[in-house]
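Protein chains in written order, with this note's numbering: chain Y, 44 to 349; chain F, 44 to 349; chain R, 44 to 349; chain H, 44 to 349.
Accuracy of the hints is not assured; some may be wrong.
Okay, derived cross-link-like pairs now, DSS-like style, lysine-lysine, Cα gap no bigger than 25 Å in a straight line [unchecked claim]:
no. : chain 1 : residue 1 : chain 2 : residue 2
1   : H       : 198       : H       : 171
2   : F       : 171       : Y       : 171
3   : R       : 297       : R       : 267
4   : H       : 117       : R       : 171
5   : R       : 297       : R       : 171
6   : Y       : 198       : F       : 171
7   : R       : 198       : H       : 171
8   : F       : 297       : Y       : 117
9   : H       : 198       : R       : 297
10  : H       : 117       : R       : 198
11  : F       : 198       : Y       : 198
12  : F       : 117       : Y       : 297
13  : H       : 198       : Y       : 198
14  : R       : 198       : R       : 171
15  : H       : 297       : F       : 297
16  : F       : 119       : F       : 50
17  : F       : 198       : R       : 198
18  : Y       : 171       : F       : 117
19  : R       : 297       : R       : 198
20  : F       : 171       : Y       : 297
21  : H       : 171       : R       : 297
22  : R       : 297       : Y       : 297
23  : R       : 171       : H       : 198
24  : H       : 117       : R       : 297
Source of the hints: derived by calculation from the structure; they are not laboratory data. All values reported here derive from a predicted model rather than from experimental measurement.
Protein chains: 4
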Amino acid sequence: MTELTGKIVLGPHRYGKAENRVVRIVRDTDRHEIRDLNVSSCLHGDFDAAHLEGDQGTVLPTDSQKQTIYSYAKEKGVEFIEEYGLALARHFVDDVEPVRSARIEIEEYAWERVVVDGAEHDHTWTRKGSEVRTAAITVEGTGTDRREWVVGGLKDLVVLKSTGSEFQGFLTDPYTVLEPAEDRIMATSLQARWRFASTDVDWDTVYAGVRATLLEVFANLHSKALQQSLYEIGRAVLERYPSIAEIRLSAPNKHHFLYDLARFGVENAGEVFHADDRPYGLIQASVLREDAPDAGITWEPYTGIM
Amino acid sequence: MTELTGKIVLGPHRYGKAENRVVRIVRDTDRHEIRDLNVSSCLHGDFDAAHLEGDQGTVLPTDSQKQTIYSYAKEKGVEFIEEYGLALARHFVDDVEPVRSARIEIEEYAWERVVVDGAEHDHTWTRKGSEVRTAAITVEGTGTDRREWVVGGLKDLVVLKSTGSEFQGFLTDPYTVLEPAEDRIMATSLQARWRFASTDVDWDTVYAGVRATLLEVFANLHSKALQQSLYEIGRAVLERYPSIAEIRLSAPNKHHFLYDLARFGVENAGEVFHADDRPYGLIQASVLREDAPDAGITWEPYTGIM
Amino acid sequence: MTELTGKIVLGPHRYGKAENRVVRIVRDTDRHEIRDLNVSSCLHGDFDAAHLEGDQGTVLPTDSQKQTIYSYAKEKGVEFIEEYGLALARHFVDDVEPVRSARIEIEEYAWERVVVDGAEHDHTWTRKGSEVRTAAITVEGTGTDRREWVVGGLKDLVVLKSTGSEFQGFLTDPYTVLEPAEDRIMATSLQARWRFASTDVDWDTVYAGVRATLLEVFANLHSKALQQSLYEIGRAVLERYPSIAEIRLSAPNKHHFLYDLARFGVENAGEVFHADDRPYGLIQASVLREDAPDAGITWEPYTGIM
Amino acid sequence: MTELTGKIVLGPHRYGKAENRVVRIVRDTDRHEIRDLNVSSCLHGDFDAAHLEGDQGTVLPTDSQKQTIYSYAKEKGVEFIEEYGLALARHFVDDVEPVRSARIEIEEYAWERVVVDGAEHDHTWTRKGSEVRTAAITVEGTGTDRREWVVGGLKDLVVLKSTGSEFQGFLTDPYTVLEPAEDRIMATSLQARWRFASTDVDWDTVYAGVRATLLEVFANLHSKALQQSLYEIGRAVLERYPSIAEIRLSAPNKHHFLYDLARFGVENAGEVFHADDRPYGLIQASVLREDAPDAGITWEPYTGIM
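Go ahead and model the full structure; you've got the sequences and the hints to work with.
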């Protein structure tokens, strides 16, 4: 047994207010707009004394962070969640002395207008889809040391194709009992995060375009494995959007097992499946550019820590 | 303390297989169709000996019910979930001797086709919305004693209006501190269940019409309280659909609290809200016809029991 | 298609404030006590005008109900959740004019004291188990028409036995492929609700006794099916507690499938299982006394509605 | 807008089978033992062709990984989850040619024996607590390049103290409205992960000791902030366990707000609280030794990715 005797010291630390449920209504005209957000803040900085001695002199309460998050929804607006997140992160770094870097994580829930008599309603919506748009904004340092990163993304985009997917020719070992599949259901709940090369981006246009690209490639590619689909999705996104330096994809393989009906004399040619919950395959891949700028601290998760 | 001494007897009992995740693909042409279901079966009947003596002689295994549920997805198809449920319930009552009545509860998850280059894809879909279509089918007895009930419904239909809602003139007591609201956000996650007067119904047309009616009334009615909205929704549904005998509505009042920004010198005229999770108001109402046929055992829940 | 033409009328309706998360600390001495509750209120009464005309004149806001729920946690205390619930329900019926009956549903989360150096800590606890104690209190009418019901209960009591359970001799049909099992794992997440014959009960003693009885019978009975276990549990509870008129039990059969390792030349004599999530068997049974008093409206669920 | 033009390449990638729900019964004597696990595998290696060309020749199916996970529960046993995880990870690296490193993540759910007539039952248990024991085992390389890391941990350990916690003297800014608190409830759902310096550890003894230490420090320390509690917890763990090189702690501050009852003429001296769900403070800190060996790739999460 290895016994260590080195001095015990405080390592990296951070804190913030997680999951502020901000709903912003824009009501400048009779046709209202809605943005429905879940906002988390995370501050790094000179907070050693709070840990070592219980001295809160450099600690801005998480409650103050919460107030700022709500107030900025009006002061700065949330026309683009990326800009709103940048405004918050810059504020914490610039205006709160002990803060060295700030991270803002945002989830946005989509709504769609109710249609009445063929017309979109001015101020009534239903929640749209299970999918969540995400953004993670990191701002570090001041003056010439200032660095800023924006990671766009989405999660819980549940997508399924009923043909155009196979899984064959795989490596086998003594525990391999799986039969090759020439034609199967492929389904996943896609999570994608893409890192921008700068903060000067047409946010909503790129988001819509990346989302459409993900779905187009998933649908149109005849897939030999989820790995191939992920890579081709990532490549297509980077090819179409030079503002994106890198994309990371995580995809559970939501298994749909063909149900054995032959026992009952019933033919089942890819028509009846059991959708299983667990276990699931979990495939993760990244695609990037050779000239991608340094990612710095941007990929450190906060609220999603295991 | 009241002490009872009466004979102890077996009361009502039932059993089944819950949450069978059936996915049915129709692939007769290149343009596939998908129905994604969560199916539960529940049998009532002569199962006393299983409880009293552990004798399984009249008990059809829940595994056999599961097999039937999957097999009927091909044998009978699932063009309409109500017909598929009726086929299953009739089968258990007619073909399994000890069964006196059967209930089939179905949740259906909606999918929408991926659009690529402006065209709907033949075999790729994304999950649509949080909303779930429901059906509960009950079949009781055989021959001239045969009775059948179908309850259609939906749940988790999250809907919000940013104006056109007030709450004023309410009863007050010593614990009342709430201020009247002239203009507020009204949001709910609507659950509705409607009982049909017969089993001869144009299922999908009525479902689409009821759903549209719910949303139309919620959107267009200037609401003095969620109670009023529920009643007007129910009345409109019954007026438009003479095939429906009764409708039950359950609506959590998902509170959106106007955020106090005046403390920071920021005006907030109905623009920034905190969406609170708990507690929530919970409003439930039913609307029915005076000539509604007897509901029998149809409103007894199964998987949703508290 | 049956078309109904009867007059459309308002049916049963009710409302309240659900899921108030009340935490009550008793700190009369250095050894604190904690009660951690989730409280929901439900009022029935003369609220027709709110539905039909939007007139809130008889509607006590759900916010006022919330304030009362928190204030009574101090005014009346929560030594027993059943007494606390009775105090709340009686208050709403007696002190709020339009209310005809009131229902209070309570979930209580158990905590256990942290043990430091062999001694229980005075004011620090950890959450204990997944199990939740429940109570549903219904009070109806005033004066000589007054009726009161208390239903105790628990849910999410996850229990498993690794032997002493079989399932054989069952009815078969053409869809039966299940093999009889001589020795299997039996596991469930037990939900039980028991109706008291009066409100004069030694609440905590009976709760502890019923819980112990549930577990003892589940453990000791060699079970021929979950149905038998439920009945014997119910019978034992009623035999031991003459204050209880009726018990209802709901038990998902959480399947543990013996894993096929023979394919890899590995013996598996009841040692390695896959714990499956869905589907699951769902068994429900009630046991009651022939002299049980009328249950009135007490079994109508509120927050648990399907 | 920054436009990148660099070559697009495949970045880091990995795959595995997540959430295998393995239940292992040891039945060598009448007194059975149970281990209830959720096991995920993750492989890194030469899988480029699967992504770039859809060639599965080096891809061991996730199904084969699943079979191995279940089979090893018997072949190797699960006396200690860390040893079981090491056996699996070593197998994938050593026996599957294209694999360069393997990570096994395990959650273990605790059970406690049912007590009947004062004696622990031989083969019946209830689920114990909400808390989950975790382990993450990483094995990389072969021969002299072989490296192995084990991270122990727990999550969802919900703990609350009703006094002995303050929060005062904090930094203020224009958004600060929080009042200092001299005496408050402090509650969290603790997640801790600790990295061992070697794989030669008395696993269960250390786990029990770390868990007891976490609770003891949380309970006994008069806390000036959650930050201080986390640091003191980490320091105590490292002081007592020289086999541990580093510990990482993540703690949501589960707010309990003192309820304002003065409005109703009711005194509330720290007795009635509202337990709020969201937002919550989120505090994260690490404590480590200056002579801690290199962490390599061990802190990369897999199933917990944001």
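Evaluated hints:
1. 198/H <-> 171/H: holds (14 Å)
2. 171/F <-> 171/Y: Within the cut-off at roughly 7 Å; holds.
3. 297/R <-> 267/R: holds (16 Å)
4. 117/H <-> 171/R: violated (31 Å)
5. 297/R <-> 171/R: Roughly 22 Å separates the two Cα atoms, so the pair holds.
6. 198/Y <-> 171/F: Roughly 14 Å separates the two Cα atoms, so the pair holds.
7. 198/R <-> 171/H: holds (14 Å)
8. 297/F <-> 117/Y: holds (22 Å)
9. 198/H <-> 297/R: Since the Cα atoms of residue 198/H and residue 297/R sit roughly 24 Å apart, the hinted pair holds (cutoff 25 Å).
10. 117/H <-> 198/R: violated (33 Å)
11. 198/F <-> 198/Y: With Cα atoms ~23 Å apart, residue 198/F and residue 198/Y stay inside 25 Å; holds.
12. 117/F <-> 297/Y: holds (22 Å)
13. 198/H <-> 198/Y: Status holds; Cα separation ~24 Å.
14. 198/R <-> 171/R: holds (14 Å)
15. 297/H <-> 297/F: OK: residue 297/H and residue 297/F at ~21 Å, within 25 Å.
16. 119/F <-> 50/F: Between residue 119/F and residue 50/F the Cα gap is close to 46 Å, so the pair fails against 25 Å, i.e. violated.
17. 198/F <-> 198/R: holds (24 Å)
18. 171/Y <-> 117/F: Cα-Cα ~31 Å, so violated.
19. 297/R <-> 198/R: holds (15 Å)
20. 171/F <-> 297/Y: Holds. Residue 171/F to residue 297/Y sits at ~17 Å (cutoff 25 Å).
21. 171/H <-> 297/R: Distance of about 17 Å is within 25 Å: holds.
22. 297/R <-> 297/Y: holds (21 Å)
23. 171/R <-> 198/H: Given pair residue 171/R, residue 198/H holds - Cα atoms ~14 Å apart, limit 25 Å.
24. 117/H <-> 297/R: With a Cα-Cα distance of about 22 Å, the restraint between residue 117/H and residue 297/R holds, given a limit of 25 Å.
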